[in-house]
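S.K.: Each chain is listed here by its residues.
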Amino acid sequence: MVENNNTKISAKDVDVFYSEKQALNKISMDIKEKEVTALIGPSGCGKSTFLRCINRMNDLIEICKVTGSIKVDNEEIISSSTDVVSLRSKIGMVFQKPNPFPKSIFDNVAYGPSIHGLADTKSDLENIVITSLKKAGLYNEVKDRLNEPGTSLSGGQQQRLCIARAIAVNPEIILMDEPCSALDPIATAIIEELIDELRLNYTIIIVTHSMQQAARVSQKTCFFHLGELIESGETNKIFTNPDNTKTQDYITGRFG
Amino acid sequence: MFFWSIVLILIGIYSSYIFGKSRIKKLVYSTNLKPKSQYNYHAQYVLSWCLLPALIVYFSWAIFEEQIIQNLILNSFEYVEGAAYDYGLLLAEIRNVANNIDFSDGKSQEIINAAAQYKSLKLTSQISFYISIIIIMVLGSLYAVRKINIQFNAQDTIEKYIKYLLIFCSSIAVLTTIGIIFSLIFESFRFFSQVSLFEFLFSTEWYPFIPIREGQAAAEGSFGAVPIFAGTFLVMIVAMCVAAPIGLFTAIYLSEYASQKVRKTVKPLLEILAGIPTIVYGFFAFVTVAPFVKSFGQSIGIDASPTSALAAGLVMGVMIIPFISSLSDDVINSVPQSLREGSLGIGANKAETIKKVILPAALPGIVGAFLLAISRAIGETMIVVVAAGTAANLTANPFENVTTVTVQIVVALIGDQEFDNPRTLSAFALGLVLFVITLSLNVLALRIVKKYRERYE
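As they're listed, the protein sequences go chains A and B. Quick note: the first sequence uses the numbering used here, first residue 1, plus one each step. Quick note: the second sequence uses the numbering used here, first residue 1001, plus one each step.
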């Protein structure tokens, strides 16, 4: 395992409110570069909400209010002056349910690069698409049918297409919100393998309900409960010898 | 007769209900068993066996009574030999005398006799009506009560009756539609027996002026529907030029940019537009828009007529804005949020997301909304009657007078003309073609919308 100490994301006292209801309470954590950090916890504990703070996706929810500080590469992002578009192009996101656009496989991946003007010529764009598909481990399966609609792929392939779409814009961070919860075990295994490879180049934060998955893919684990960060640390430690009894109870399946 | 039969039937309903309920209660009391269905269902069962036969008797009386009495009168009438009779007139005379509407002075003896007979027959009929309705209600209730017992599943039976009632109601709408279609087709056939289909569909001359009365000198009419359909499409295109962009942009604003609060206020307001009676739009078009169009035309050097395709089309466009905006808004809203998040998550801004992801995804639904709006525009009557004119011009100039299918139908049917001349009948042929066009547009629109729905649900 490559150890490093570069902090990529640093959250401090993050509070999130949905109208009056507080969803996150004083969350502070550091996320290291080129590692997989898993956010675990029972449903409704705020782990997805936290994830969506990092790329300001909560802006889409009118009633949602975020306070506190999150720094990405030492730049504050919870501020009205943040350039959300460039932030999001730096932070890719993969969602719970595969959500390919109703376009061809090629156009799905080419979407990001073309809106950000990453490719000057058509062959540049093709290169980006092919490289991204290769990185997402999908290229061999779809190379003969790049013009077919993305929705015609199987669920696992669709999810890898979404990963390819996310990495096509050269992000540094990839957020994954329960990326395997809609997939069967085989597709899940493929995605998990892929996450392990992607770790070499990207900082990955993954929300998951499956503790085995967190144990398999992550180096760091954060346990959320009722909007609070109960414990965070090395995955090995969290799963073998947690400090907090709540964490202990959760990972041994006593609640949640 | 109407009032008292209603009273009678209501009494029957009430007493059969009570009757049924007391019967099942008594049964339960005497056997001490739990009935399969609740008391109410048994009572309702008896009630329906009382009500349904009564209604059948009532309606068959209403339909056949007069017919039978008339036949009896005409059969026993003392015809004067050698005289010519118009049965309709004769019956009217007899009825008038019987009802004292016309004084019987100066009427011949046989008519007075027939009137007396008519009166007595009417009385007999009424008495026998009341008697038979009472008997049938009693018999029905008795039959139902005999079937009631502890084991009887009245609930299921009532459920079945309700299903039949619902089927009956829905079939009325369907049968009416079929009836209308058939009458359209038959009358159109009569039209096409006098005017060739080829002329109707392809000739560009529409002069439906034919001799209205026999022997009247008039030019031979000509029935080429091309200018009429051209006019219809011209008005429709003007309307869509107004409604499509405004409606679509409104929908995009409402579903993507407006806050919940704005959306909740603006959407119902827009839908009020759809509630304005079209004749109100019509005089708005005629009084306000048409003169404006005329003066505007003059200011740019085009000679505009006081009623024009442009005036009618503009107002019709405003009328169908809510159709397009409301339907498109629903369609855009039903594009899954995950697609928006997917696009925004890559760093696309709102406009890019709408243009490249939302609209393509919603396109089939939007096309469906447009088609529904078009078929509404084509079928619209009042605005064009008032504001577009009646002259069948074959023109692409929206400043000119044009006429539409619906206007020509109105023109053909007003005034007193005989029902077998081609001018009147042309209304049915035009109606048939219009019906085929709007029906196929609707079917197409619904299919597109449905296909779209399946993709995301």
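Just so you know, not all the hints are guaranteed correct.
If you want the ones that stay clear, here's a sample from chain B, every Cβ over 10 Å from chain A, calculated [said to hold, decoys possible]: (1) TYR1039; (2) GLY1179; (3) PHE1186; (4) ALA1361; (5) VAL1436.
Below 20 Å or equal to it, Euclidean Cα-Cα: the simulated PhoX-like pairs (lysine-lysine) are [stated by the list, open to error]: (6) B:LYS1261 - A:LYS65; (7) B:LYS1350 - A:LYS103; (8) A:LYS103 - A:LYS90; (9) A:LYS32 - A:LYS246; (10) B:LYS1451 - A:LYS103; (11) B:LYS1036 - B:LYS1026; (12) A:LYS90 - B:LYS1350; (13) A:LYS65 - A:LYS32; (14) A:LYS122 - B:LYS1122; (15) B:LYS1160 - B:LYS1026; (16) B:LYS1021 - B:LYS1034; (17) A:LYS103 - B:LYS1355; (18) A:LYS103 - B:LYS1036.
Computed footprint of chain B on chain A; a stretch qualifies when at least three of its residues, placed anywhere within it, have a C-beta under 8 Å from a C-beta of chain B [stated by the list, open to error]: (19) 82 to 89; (20) 112 to 119; (21) 196 to 209.
Calculated directly from the structure, the hints in this document are not laboratory data. Just so you know, these numbers come straight off a predicted model, no measurement behind them. Backbone N, C-alpha and C fix where the C-beta goes; we use that ideal spot for every residue, glycine too.
S.K.: Next step is simple, just say for each hint if it's right about the structure.
M.R.: These are the hints, each one checked on the structure:
Even its closest Cβ contact with chain A, about 48 Å, leaves TYR1039 of chain B beyond 10 Å, as expected for a residue assigned away from the interface. Residue placement check: GLY1179 of chain B keeps its beta carbon more than 10 Å from all beta carbons of chain A (closest about 43 Å). Every CB of chain A is more than 10 Å from the CB of PHE1186 of chain B (nearest about 47 Å), matching its label as outside the interface. Chain A draws ALA1361 of chain B into its interface by the beta-carbon criterion, the shortest separation being 5 Å against a cut-off of 10 Å.
Interface exclusion of VAL1436 of chain B from chain A stands, the closest Cβ pair being 33 Å apart, more than 10 Å. Restraint check: the Cα-Cα separation between LYS1261 of chain B and LYS65 of chain A comes to about 18 Å, which is no more than 20 Å; the hinted pair holds. Taking the CA atoms of LYS1350 of chain B and LYS103 of chain A, the gap is about 18 Å. The hint holds against a cut of 20 Å. This hinted pair does not check out: LYS103 of chain A and LYS90 of chain A have alpha carbons roughly 23 Å apart, beyond 20 Å.
Simply put, LYS32 of chain A and LYS246 of chain A have alpha-carbon atoms about 25 Å apart, too far for the 20 Å limit, and the pair is violated. Between LYS1451 of chain B and LYS103 of chain A the alpha-carbon distance is near 16 Å, which keeps this suggested pair within the 20 Å criterion. With a C-alpha separation of about 15 Å, the suggested pairing of LYS1036 of chain B with LYS1026 of chain B holds against the 20 Å cut-off. Proposed proximity of LYS90 of chain A and LYS1350 of chain B is supported: the alpha carbons are some 17 Å apart, at most 20 Å.
Distance check on the hinted pair: LYS65 of chain A and LYS32 of chain A sit about 26 Å apart at the alpha-carbon level, beyond 20 Å; violated. Taking the CA atoms of LYS122 of chain A and LYS1122 of chain B, the gap is about 92 Å. The hint is violated against a cut of 20 Å. Taking the CA atoms of LYS1160 of chain B and LYS1026 of chain B, the gap is near 25 Å; set against the 20 Å cutoff, the hint is violated. The suggested pairing of LYS1021 of chain B with LYS1034 of chain B holds, with an alpha-carbon distance near 14 Å, which does not exceed 20 Å.
Between LYS103 of chain A and LYS1355 of chain B, the direct Cα distance comes to roughly 13 Å. Compliance with the 20 Å bound is thereby established for this hinted pair. The hinted pair formed by LYS103 of chain A and LYS1036 of chain B fails the criterion: a straight-line CA distance of about 59 Å is larger than 20 Å. Evaluation of the coverage hint for the region 82 to 89 of chain A: fulfilled, as 5 residues show C-beta separations to chain B shorter than 8 Å, against a requirement of three. With 3 residues having a beta carbon nearer than 8 Å to a beta carbon of chain B, the region 112 to 119 of chain A meets the requirement of three or more and the stated coverage holds.
Taking a C-beta to C-beta cut-off of 8 Å, the region 196 to 209 of chain A contributes 0 residues in contact with chain B, too few for the three needed, and the coverage statement is violated.
Figure legend: structure checked against the earlier numbered hints; hints not met, in rising order: 4, 8, 9, 13, 14, 15, 18 and 21.
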